[in-house]
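Asks: Chain residues, written in single-letter form:
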Amino acid sequence: MAETQAVTAKAGALYDLGYQRYTGQRLDRANAVRTLFAFSLRTAFGLGRGARSKVIPSIILGVVFIPAIVSVGAASTTGFTALISYSNHLQFTSFLIALFAAAQAPELIVTDRQYGVLTLYLARPLTGVLYALAKLAALVAAMMVLTFGPQLVLFLGKVFISPSPWAAFKDEWTVLGPLIIGTLTVSYFIGSVALAIASFAGRRAYASASVIGFFLLVPAAATVLRNLATGETKRYLILAHPIQVIIGFGNWIFHIQAKLRTQVGRAELPGSYYFAVMLAVIAVATTVLLLRYRRNEA
Amino acid sequence: MSLISTKDLTKSFSDSVVALDNLSFDVEPGIIGFVGANGAGKTTFIRILLGLLAPTSGSASVLDMDVGGDRMAIRRVVGYMPEHDCLPIDVSGADFVAHMGRMSGLPFQAARERAAEMLRHVGLHEERYRLIGGYSTGMKQRVKLAQALVHDPKLLLLDEPTNGLDPAGREDMLGLIARTGTEFGISVLVTSHLLGEIERVCEQLIAIDAGKLRYNGPVAAFTELTERLVVELDDEIPELATALRSRGLDVDGSATLLRITVRDDSTYDLIRDAAAELGAPIARMQLTRHKLEELFRDQSVAGAHG
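Residue numbers (the working numbering), protein chains in the order written: chain Z, 113 to 410; chain X, 738 to 1043.
These aren't lab readings, by the way, just hints derived from the structure by calculation.
Keep in mind that the hints are not guaranteed to be accurate.
To be verified - Okay, the calculated beta carbon distance ranges per label pair:
hint: 1; chain 1: X; residue 1: Pro-955; chain 2: Z; residue 2: Asp-140; range: 22 to 32 Å
hint: 2; chain 1: Z; residue 1: Ala-332; chain 2: X; residue 2: Ala-905; range: 37 to 47 Å
hint: 3; chain 1: X; residue 1: Ala-791; chain 2: Z; residue 2: Gly-325; range: 46 to 56 Å
hint: 4; chain 1: X; residue 1: Gln-1023; chain 2: Z; residue 2: Leu-159; range: 56 to 66 Å
As the list claims (entries may be wrong) - Covered, in the sense of this in silico footprint (three residues per stretch, anywhere, with C-beta under 8 Å from a C-beta of chain Z), are these stretches of chain X:
hint: 5; segment: 762-774
hint: 6; segment: 832-842
hint: 7; segment: 846-857
hint: 8; segment: 883-895
No experiment lies behind these values; they were computed from the predicted model shown.
Note that beta-carbon positions come from the ideal geometry of N, C-alpha and C, so glycine has one too.
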């Protein structure tokens, strides 16, 4: 009898292990930043979230990838190898990733503030600045998927449709550098501006509206100013127009001569000016974002 | 080793708003209640311990680590459950707690396992795979507690954990806090504006009022200090109060309602004898508690232990 009881007690103890102390490895701050980056990158595409959070990212993913895939598919069946050009695709995706940034930048940082999650992050081995950097990196990486991803499809398409892929690769590979720098700069440009604006908003809808407003109103204002201005000023005012700046930068990085009837063509500015403007905007937006989050530290 | 230690800790937000006023105390590991009325400085104190706010002057340390220099090391071994909402809506409880575990330094697999374990401990079972947005207030409080525990902290900071819960939910939460402190061996600092609630689960008590330390010691002694006996009379017999005072009791109140500090059982005998002598018709006798706010106006408490 006593023996049975002992066995039962043992079995019971097996089921109820009680509280287990954690004695394993504890990772450093870099791990926290990486974790937040990966979690936020998934959030940008609605992964690990409810169905509604996946709608906008899925639509934009479809719109940027389908033309590239269709173009490659058509070329492979017809043998007609004129694919969408890299610079055209970059212009085309710029507008879409601006929409993506307007929708998802608030998803990445405004919700954390709105629902108080930021409090929990800051109570962990993480500073406000590192938090903001992880979020910025995640948004830019998500936008790279949307810009560089389809370009890579086009690149691989060109290589593998060709009768001799190796020769085609040798012809084409030098474009990879401009492709990466081009898509990264445009993604960082739009992403940093969107996050800097969103860092001031208390609610997602206001943040999205402000980002969209920025990318609509600034070009409109720049256009009005240019129409009023004359001579040299008129030429330089193109640098105040974000969309034209992206077009001018795209022409420069892909070594394309701007057509004369386009605004960039008429302005006749060195391509590096557009790049310089983007870098300046990136620096300002990043500084604003980091300063906003540095306030959260003691 | 001291759990929390402060020296002349002061935090003022402007010249006129002093949230913490020269706090100096030491507490040993255990379950510590931190009581004060709303706005007494409880949340400010917790934010200083986490290194989220810098003290205006003075110093504080957690587990012998300074809140200024060692805040990252402190946050690694402290779990924090804020008073207000702090959960995203469109993530599942299991995913969120695991994510928070990884943010605190646990490797992926360990974070998932401990998240499941902690959610089970706080009483969330199948619900943990649903999105948090659909949870009740009680379930959200449980997730908040689980995320504070997931990385196996040495100290839990719980800010008003029973706020917004119904009576049954409060009981559950207090039970969980007691279990966490006793069975898990994790020290707990739990704040509340309701003394009656947390004194049941705490071993030690710290009371602050308007940023000043009013009490630091065992719960039992504080309970004695704060218990009052209310004696209600059918008629006005002003002589009763005088008679009781002359017998050395601490009495205040009006002619028909007296509040008396209970020192020990002999207090009851004194009241009985005095009432019998004067023929005072006692309608009701009841042990009550001071409200915290009243208590701190009573300088005898502050004088005795402050």
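Asks: If you check each hint against the structure, which ones fail?
Replies: 1, 2, 3, 5
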